[in-house]
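Top line first, the protein sequences correspond to chains A, B and C.
Residue 1 is where the first sequence starts when you use our numbering, and the numbers rise one by one after that.
Residue 1 is where the second sequence starts when you use our numbering, and the numbers rise one by one after that.
Residue 1 is where the third sequence starts when you use our numbering, and the numbers rise one by one after that.
Watch out, some of these pointers could steer you wrong.
Which copy is meant is left open, so a pair is good if it fits within one copy or across any two.
[Claimed, not checked] Below, computed lysine to aspartate or glutamate pairings styled on EDC-like, alpha-carbon distance capped at 16 Å:
#1 K307 with D277
#2 K193 with D63
#3 K193 with E132
#4 K193 with E226
#5 K186 with D277
#6 K186 with E226
#7 K307 with E113
#8 K34 with D281
#9 K34 with E296
#10 K307 with D19
Hint data in this document are derived by calculation from the structure and do not stem from the laboratory.
Remember, predicted model here, so these are calculated numbers, not experimental data.
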Amino acid sequence: MGLTLGELACQVGAVLQGDALISVQRVMTLQNAKAGDISFLSNPRYRRHLVNTQAAAVILGADDAAYCPVPTLVSENPYLAFAKVVAILNPVVPSPRGVHPTAMVDTGAVVHESAWIGPMSVVEAGARIGAEVVVGASCVVGRDSSIGAGSRLAANVTVCHGVQIGERVVLHQGAVIGSDGFGLAKDGERWFKIPQVGGVVIGNDVEVGANSTVDRGTLEDTVIEEDVRIDNQVQIAHNCFIGAHTAIAGCVGIAGSARIGRRCTIAGAVGIAGHLDICDDVHITAMSMVVQPITEPGVYSSNLPAKPNRQWRRNVVRFHQLDEMARRLLTAEQQLAALLERGS
Amino acid sequence: MGLTLGELACQVGAVLQGDALISVQRVMTLQNAKAGDISFLSNPRYRRHLVNTQAAAVILGADDAAYCPVPTLVSENPYLAFAKVVAILNPVVPSPRGVHPTAMVDTGAVVHESAWIGPMSVVEAGARIGAEVVVGASCVVGRDSSIGAGSRLAANVTVCHGVQIGERVVLHQGAVIGSDGFGLAKDGERWFKIPQVGGVVIGNDVEVGANSTVDRGTLEDTVIEEDVRIDNQVQIAHNCFIGAHTAIAGCVGIAGSARIGRRCTIAGAVGIAGHLDICDDVHITAMSMVVQPITEPGVYSSNLPAKPNRQWRRNVVRFHQLDEMARRLLTAEQQLAALLERGS
Amino acid sequence: MGLTLGELACQVGAVLQGDALISVQRVMTLQNAKAGDISFLSNPRYRRHLVNTQAAAVILGADDAAYCPVPTLVSENPYLAFAKVVAILNPVVPSPRGVHPTAMVDTGAVVHESAWIGPMSVVEAGARIGAEVVVGASCVVGRDSSIGAGSRLAANVTVCHGVQIGERVVLHQGAVIGSDGFGLAKDGERWFKIPQVGGVVIGNDVEVGANSTVDRGTLEDTVIEEDVRIDNQVQIAHNCFIGAHTAIAGCVGIAGSARIGRRCTIAGAVGIAGHLDICDDVHITAMSMVVQPITEPGVYSSNLPAKPNRQWRRNVVRFHQLDEMARRLLTAEQQLAALLERGS
Chain A
1 MGLTLGELAC QVGAVLQGDA LISVQRVMTL QNAKAGDISF LSNPRYRRHL VNTQAAAVIL
61 GADDAAYCPV PTLVSENPYL AFAKVVAILN PVVPSPRGVH PTAMVDTGAV VHESAWIGPM
121 SVVEAGARIG AEVVVGASCV VGRDSSIGAG SRLAANVTVC HGVQIGERVV LHQGAVIGSD
181 GFGLAKDGER WFKIPQVGGV VIGNDVEVGA NSTVDRGTLE DTVIEEDVRI DNQVQIAHNC
241 FIGAHTAIAG CVGIAGSARI GRRCTIAGAV GIAGHLDICD DVHITAMSMV VQPITEPGVY
301 SSNLPAKPNR QWRRNVVRFH QLDEMARRLL TAEQQLAALL ERGS
Chain B
1 MGLTLGELAC QVGAVLQGDA LISVQRVMTL QNAKAGDISF LSNPRYRRHL VNTQAAAVIL
61 GADDAAYCPV PTLVSENPYL AFAKVVAILN PVVPSPRGVH PTAMVDTGAV VHESAWIGPM
121 SVVEAGARIG AEVVVGASCV VGRDSSIGAG SRLAANVTVC HGVQIGERVV LHQGAVIGSD
181 GFGLAKDGER WFKIPQVGGV VIGNDVEVGA NSTVDRGTLE DTVIEEDVRI DNQVQIAHNC
241 FIGAHTAIAG CVGIAGSARI GRRCTIAGAV GIAGHLDICD DVHITAMSMV VQPITEPGVY
301 SSNLPAKPNR QWRRNVVRFH QLDEMARRLL TAEQQLAALL ERGS
Chain C
1 MGLTLGELAC QVGAVLQGDA LISVQRVMTL QNAKAGDISF LSNPRYRRHL VNTQAAAVIL
61 GADDAAYCPV PTLVSENPYL AFAKVVAILN PVVPSPRGVH PTAMVDTGAV VHESAWIGPM
121 SVVEAGARIG AEVVVGASCV VGRDSSIGAG SRLAANVTVC HGVQIGERVV LHQGAVIGSD
181 GFGLAKDGER WFKIPQVGGV VIGNDVEVGA NSTVDRGTLE DTVIEEDVRI DNQVQIAHNC
241 FIGAHTAIAG CVGIAGSARI GRRCTIAGAV GIAGHLDICD DVHITAMSMV VQPITEPGVY
301 SSNLPAKPNR QWRRNVVRFH QLDEMARRLL TAEQQLAALL ERGS
């Protein structure tokens, strides 16, 4: 399908500079766009590709518009305008409705007539599948779980028993919602497994990435509020609470009973210890470790950037001598002070 | 179901202070417990909630009992007593027996009559499924593998061929036991894949978390001894040996041929290099990296806690100058020594 | 099956020292080899086991041959020779051909007559499955994807729609190829999901480990070139490019639009930031974080090895004072210089 620049500008609320009747079919990067493509510029890293782009039009901010050789859709938030244009030009493929003949829906489950249960999927007793829900191939929806209207489960997703999934939620391939938390009590040298009898409540518009895991609560529920976005391979332990609009990048691990505020961003491979609170509007940079509560909004870090190994190793040796160095520095300062006093 | 405090105290070996005939139905946290709930206090972090709890009774240690406004079950190990009470009040839902009509059990497999093979699951030739085993939905048990009595596979679990699983083992959703190790030999610039012909042997009472992976050995077996507890998203590479009663938290990666002792605890997102030994009773704190053998029991660390980014960045710059700083400190000390000698 | 040392030496291009007619059945480690086994020595760590080995023969380098009490296969690359002997003595079990009766192949899919589609697997419309391909149990191959000749999908693998897999590719259990990238645009405090309309192109001879994930591109394709080897639990984000012959160990996370060169090795749990280039022949040590482009071949690091916790904590305290220490050192140096000048 194609749309004119005029239609797109109208739909995404951008200001068109150029011929409103030009039609575009596809969104493409500045360097690889061809005739019939619309492109975008939001990351300054790619600004150098603007002057030579072959795109039919470019979505960008007002500051960049003057340098663009082709028609522009000028937006205050060009990345959002770009995202909306991608969505407009790539509408979701409509799903069939009904239950695939190879799926197994328990007679005690309730599946809305507008929903789709894909091949080899299993829906257990007591589960409720809402309107327009799409359950992909080889998924399992456990007993007494509910999937809200418009949600989509990709292939091989596991929703365990007693889990509540909101509306328009997207669960990607291999995601597991409601696995047992890692609850163990010491009994001499042996471990005693604490039954995990809480559930998981996931709000509307949440996304959980491929092969990510969200554990059920021990006694109460693990809670993921609305519009939380979780990337691939993320682990969220039992009893966590994740506030609305927080985004969590790939490979993050969050330990049990951590409570994370609203509008936080947690970059890749961050680790967050259990039983602590992080307030709203906190941003944690990649691979950092949070072991203390954070009570002030802001950016927090504890990652070290890679350097050539030879240089790195020298500094690591010194790191392991730091306390000694600090003591030696203090001694030197004291000796100096004495000398200076004597000299004065 | 409900039980009286008297019955619970008796079953978990706690000392009851209060009315033995009070009946409780549910275990709940101190802050959210209501009438009919029993609660617990073991983490001092939550002690402040004790005085106002609405619980009908609280499990706790002798030191805290005096401050409790309601009947108590006093235990030397209140966390274990709590765990046992959760288990008593939440008995495992009995599983059906037999093979679900949509499952595919090879005629060359042996399934005990008291076992359950869930919908869409596959049991390949030569596999042996023991008494009271529960195989959840959409699992695959590979050829010539065995699952010991009382073990439970949650949904979407993969047990590869030639894997031995002990008794009362729990494999959570998406876990993979017996995947190929990452064995490669250099052949010029190309890689030559080393066939992984060993197996995996998992002892009794082991738990493997959701989406965790345990690779098969190259020539011999990867071994997980009894009562080892593994959380979600953990990677255990080929030829590893994990000693009994060791617990491994989420997102840990253990490289090939590492040998870990008994009763160790490995916190979240730790990395352990290959071909090294860690002795018994070692505790590694979260996000640390172990690259050398550990021969003494104790606590080991190499993690850095997050700080405000501005402060962090200043220190990181200095970190990369550490070796130079150390040399400058030495020079200053030598000059000082000369001055002091001259002055004396 | 067994083979004589003469046949093996010939097939792997090694020089036999000893009786060519000795037959061996199995490859085993030096310490555990028994009569009828062939062993190998390539990692010097295991050299001490050579003199007492019970193996019938040992594959090793010329330098070690003199110390070997049994016949030897001497090779310039003993690890490769070992790998080839393992492959020769453990030929791949031939797969059946056809479609298992419980599999669901869409009538719009094309499956080569020599391929195998395992039980409970789903092949969607438009998918093309090449010659000698083996699709294991419970896999999903999405619409319009193609799997090249000789490739093998282990159990529970998900290949999403519109993904191109080359020849002789191995996808291990639970791997997901073509999941949505984590593409979000801010719309006030809410997130707007950017449809991910690119694909994934995987070259020949690639291996992707158990529960690893490779996201599809946003607009263009995520590209994994030939002979790239990826271990378990690795996350490769949208729009990444991984050059030929690069090996990526377990638990690595690579953020979006990173471009990694040829013949790189990325050790376990490394994190690589998005939108950067790493040139050919770069080696990154375990648990390091790369946040800047790398333009020179070599070894790069930013990991810290674990130490006893008490010692570690003292140094961490100093780390957080480093900038202050550096300033104090500078002051001391200036005072010293003044004293020295005065004294001279």
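Can you name, in rising order, the numbers of the hints this structure does not satisfy? Numbers 2, 3, 5, 7, 8, 9, 10, in rising order.
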